[in-house]
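*Asks:* Okay, here's what each chain looks like letter by letter:
Number of protein chains: 2
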Amino acid sequence: MSRSRIVALAGGVGGAKLAQGLAQSLGDRLTIIVNTGDDFEHVGLRISPDIDTMLYTLGGIANRAQGWGIEGETWSFMDQLARLGGPTWFQLGDRDVALHSLRSARLRAGDRLTAITNDLAQALGITSNILPMTDSETPTVVCTPDGDLPFQDYFVRLRCDVTITGFRFENIDQARPTPEVEEALASSELSAIVICPSNPYVSIEPILSVPGMKALLKAAGVPIIAVSPIVAGAAIKGPAARMMRDLGFEPSALACARHYSGLIDALVVDSQDAAEAKAVEELGMKVLVTDTIMRTEEDRKRLADECLEFVAKGLQ
Amino acid sequence: MSRSRIVALAGGVGGAKLAQGLAQSLGDRLTIIVNTGDDFEHVGLRISPDIDTMLYTLGGIANRAQGWGIEGETWSFMDQLARLGGPTWFQLGDRDVALHSLRSARLRAGDRLTAITNDLAQALGITSNILPMTDSETPTVVCTPDGDLPFQDYFVRLRCDVTITGFRFENIDQARPTPEVEEALASSELSAIVICPSNPYVSIEPILSVPGMKALLKAAGVPIIAVSPIVAGAAIKGPAARMMRDLGFEPSALACARHYSGLIDALVVDSQDAAEAKAVEELGMKVLVTDTIMRTEEDRKRLADECLEFVAKGLQ
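Chains S and D are the protein sequences, given in the same order. At position 191 of the first sequence (counting the first as 1) the number is 222 in the numbering used here, and the numbers step up by one without a gap. At position 258 of the second sequence (counting the first as 1) the number is 289 in the numbering used here, and the numbers step up by one without a gap.
By construction, these hints were calculated from the structure, which means they are not laboratory data. Here a beta-carbon is modelled for each residue, glycine too, at the ideal position from N, C-alpha and C. Hints may be right or wrong, so weigh each one.
Claimed, not checked - Examples of chain S residues toward chain D, derived with CB under 10 Å:
1) R77
2) T105
3) L112
4) G117
5) S132
6) R137
7) D150
8) L155
9) L189
10) V193
11) G243
Unchecked claim - With the Cβ distance kept under 10 Å, some of the chain S side facing chain D (calculated, not the full set):
12) E72
13) E104
14) L115
15) A250
All chains should be modelled from the sequences, with the hints used to inform the complete structure.
*Replies:* And the structure:
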């Protein structure tokens, strides 16, 4: 196991699972740069879904059965919101709302999302560093043949049941990586960058689209590896496979490799996709073939450790 | 029972009790002008304690045993807020937060507090008209020998355990009665104005201090009666008696009469204070002596009906 630092890029549930595995081995030597393109304002609350999933997962309070939210959550807020005629398409648990309220108050008071996230992580006993990709608001917009949709409208209200033609990240030109992101990627102790098995288009692409981010990743001068979120032609969770198809690609680990080509040095593919390893290698990448589906906490730790070992051995 | 309209002025719990009694007889012929001086922002939420108490009481969901908040409330929000290091001095129930969130979102979107309150009242099945005294923010400041305090700091955090020297209503010079308040007080069907047994200094005085409000009350040309919030030298609830003492007055129904002198035509005093009736009358007011302590729902209805009958009989 390497004693040096790792930076991970991550979005939602799959990313948080691998991040938790990495965090178990690395603790404060892990920095996770998290997508904030999904962030939105709802019933007066500023919600950062991917940061929250990361906080709840690494804080050990995530609801595993449900795949989002907090274990032992209660629903009185939602019940009363419905009674008062408020919107009910986005579920907000009572405990979840506490975090959103605190964040909303501090953002309105002028605090940076990075500082707020750090304080929340500390309160939840998390030693790894969870960093928003930027402190600017850069909302992801989903483009469809019938017009543009705010991301959560697409993702939650319409349950991804929409043909997509592309994405826009609003205000992204004005965004910058934070000093904390810059510092993490410039660290002389950094040994690798791990792109978690998150949606390439709406979880990872927003991070990579922050002006200056790709240059920082390359300037780090360390191996960049990605774990394929596509296994046997399907996404473990979420709309990644359908998006690929809508955009004209056959969903596969190879398609992921092509998507990240020019950025990553290696792809971790699932054992079910071992037959694609050769084609991926022909793109000039190294390949690690292993079981990538994380059903249990042990799976997370094992996959994370295999990634770290792969990096430690020079991608062999 | 009069078939015409009544306007009530009210603040917190005692005011809401009498308003509920009036609402049972009057329904949509009752308009309650409610103090908003207690309103404040807390963990990103805009909270209007007196309007909320009125909504919950008239909506039939108030927690009677507790004296504030909602019956059957749950507390996961508060529990998580504490865990995340948030402020815990102001209790916010999960259902309560739903209302605050909705209101906060609509205020930030530019809606008037009057319109928002009306929609919330309708959602709760309330037929009476609940009107904020103004749509402006006019926070009550409590003056003490050690400096000024925001109202909720005084009322909740310090539990009123502070010597007061006076009050200020910030921004009150810029405030105006709303068109809805003006219309209610200008109605040709108006038969009386009832000042509920609310704190004269921090519930009723803010309403009366809105520029133009006193002129509207007088121009209505109808009897103005007040129900004394002081019974046997003490307040039924809250700091009114202590405030009177701090300000140099012996707390009594007579002191209330003197406080409202020049504004009201009659005072309703408790049977325990019957001995003060003569002195009150000597101030040029009519007096109704009756049982004013509202322990049960029947008490609220009976006191309200007695007030209406008193008005209907020309304050005899």
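*Asks:* Quick check on S132(S) please, does its C-beta sit within 10 Å of some C-beta on chain D?
*Replies:* Hint on S132(S): holds, closest Cβ of chain D at ~4 Å, below 10 Å.
*Asks:* Could you check if R137(S) really has its C-beta closer than 10 Å to a C-beta on chain D?
*Replies:* Nearest chain D Cβ about 8 Å off; hint holds.
*Asks:* With a cut-off of 10 Å on the beta carbons, see whether R77(S) makes it to chain D.
*Replies:* holds (8 Å)
*Asks:* Can the hint on L115(S) be confirmed by a CB-to-CB distance to chain D that is less than 10 Å?
*Replies:* holds (5 Å)
*Asks:* Does the interface hint hold: is V193(S) within less than 10 Å of chain D, judged Cβ to Cβ?
*Replies:* violated (25 Å)
*Asks:* Does L155(S) meet its interface restraint, that is, does its C-beta lie within less than 10 Å of any C-beta in chain D?
*Replies:* holds (7 Å)
*Asks:* Using 10 Å as the Cβ threshold, decide whether G243(S) counts as touching chain D.
*Replies:* violated (31 Å)
*Asks:* When the nearest CB of chain D is found for L112(S), is that gap smaller than 10 Å?
*Replies:* Given a least distance of 4 Å, the restraint on L112(S) holds.
*Asks:* Under 10 Å, Cβ to Cβ, is where A250(S) needs to be relative to chain D, so tell me if that hint holds or is violated.
*Replies:* Not OK, violated: A250(S) not within 10 Å of chain D, min 36 Å.
*Asks:* Take the shortest C-beta to C-beta distance between T105(S) and chain D; is it under 10 Å?
*Replies:* holds (4 Å)
*Asks:* Hold the hint about G117(S) up to the distance rule: shortest CB distance to chain D must be less than 10 Å.
*Replies:* holds (5 Å)
*Asks:* Mind checking the CB of E72(S) against every CB in chain D and telling me if the closest is under 10 Å?
*Replies:* Result: holds, 8 Å to nearest chain D Cβ.
Checked against the numbered hints given earlier, the structure breaks hints 9, 10, 11 and 15 and satisfies all the rest.
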